[in-house]
Amino acid sequence: MMIEVRDTGFDPWSEVAAYQQAVLGVGQFGATAVFIGTMRDFNDDDRVAAMYLEHYPGMTERALERIADEHVHAHDLLDVCVVHRVGDITPGEPIVVVAAWAAHRREAFAACRGIMEDLKSKAPFWKREERASGSRWVEHNTPG
Amino acid sequence: MMIEVRDTGFDPWSEVAAYQQAVLGVGQFGATAVFIGTMRDFNDDDRVAAMYLEHYPGMTERALERIADEHVHAHDLLDVCVVHRVGDITPGEPIVVVAAWAAHRREAFAACRGIMEDLKSKAPFWKREERASGSRWVEHNTPG
Amino acid sequence: MAVTVKLFAHLRERHGFGETRLEAWSGGSVGDVWRQVSGEDELPAHVLAAVNLDYARADTAVADGDEVAFFPPVTGGRGRPR
Amino acid sequence: MAVTVKLFAHLRERHGFGETRLEAWSGGSVGDVWRQVSGEDELPAHVLAAVNLDYARADTAVADGDEVAFFPPVTGGRGRPR
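Protein chains in written order, with this note's numbering: chain C, 12 to 155; chain P, 12 to 155; chain A, 30 to 111; chain S, 30 to 111.
No wet-lab data here; the hints were simulated from the structure. Note that beta-carbon positions come from the ideal geometry of N, C-alpha and C, so glycine has one too. One or more hints might be untrue.
[Unchecked claim] Which residues of chain C face chain S? A partial, calculated answer using Cβ under 7 Å: (1) Phe21; (2) Tyr30; (3) Leu35; (4) Tyr63; (5) Glu65; (6) Tyr67; (7) Gly69; (8) Pro135; (9) Glu150.
[Said to hold, decoys possible] Covered stretches of chain S (chain C as the covering partner; in silico rule of three or more C-beta atoms under 8 Å from a C-beta of chain C): (10) 33 to 39; (11) 92 to 103.
Generate coordinates for the entire structure from the input sequences, incorporating the hints supplied.
Here it is in structure tokens:
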């Protein structure tokens, strides 16, 4: 299992590919479900030039580890990898990648989706957006 | 939209990354859901040394395009990419990758999962497995 | 008047050909094509059919120049697709 | 007897500090810590709290050496996490 909070940019594809190559056994997994959240340049129909993502060092990592652990057990996963960006982020940059490996697709999909939902509702991250109308902290998120 | 049936191996990560780089506009998409099906070396508790995946050239591509189109419209996707392997495949090799880009995660997840389910139940592919007990055509698949 | 017939997977192996042509096709249904190529009376429930790359049923009409295919349920299939 | 207090996001900006220490802590709850650092009577419903990196409530006891944090609902949050 790999859980990381990063304050620098990353390429989610090569990140997950490298982790899989290093850790997963050939022939063991049949299903990999991956979600990548990327910063958009608009929100609520307003242009967003940049964002700052704050976290609580220590607590954020612990929350992510618990969420990942829960889903590894609930869905019988072979492995999971979560990388989450913090700090100053610009449109087009990846914010989060969640990858779940399982024998079958049902478990991989359910775990990947479940980890993302829990991450959004339980992991301590706070977002400040830079919009044309000014800088503001966002205290809600898009549903689902 | 990219729909391809290939008789040679491919790297799903660089495939999807290259497609995204070439086609998707920076800042437009917030959510990317990806599923990768990989050949396992066991099935029904039996060792599988290799498999042969047969398709119906022309009909298979048409079925995949229809499935992708349906989900692009049903889930308001920005784009979708499907690459499916055919021919002789060995354990550890990717069989299929489905990537769905959307503004929000709900749509990306629903479309990626939906495309995989439809692909499994509607697209003409037939699998022959090479097991210790001999070669056999598989006429069922793992659920979900 | 001719119809192209294709078989896939174990049907191809069982019947010993992947593609053939019915040169003297005088019209009929998918079921009629199956009778001619298989020697069986009826299209078995577990055999799927397509006409010109679209799923078809035993009573789907087959016209001159059509391509008719027969194959087992697809990899994930449990019965006929919608 | 001391307690470390951390504030995050707009709470940090509003109160003008990200971290402070209550040096004369004689025991009490998360709510008591909030009263001392904010000057407000009650922990507002929309302010979340943690003690030693775990979510906590206003009545959670705070002991010597504990780290208490206050922060807004998390990015996707609608109220307190389970």
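Which numbered conditions among the earlier hints are violated in the structure presented, ordered from lowest to highest? Those not satisfied are hints 1, 2, 3 and 4.
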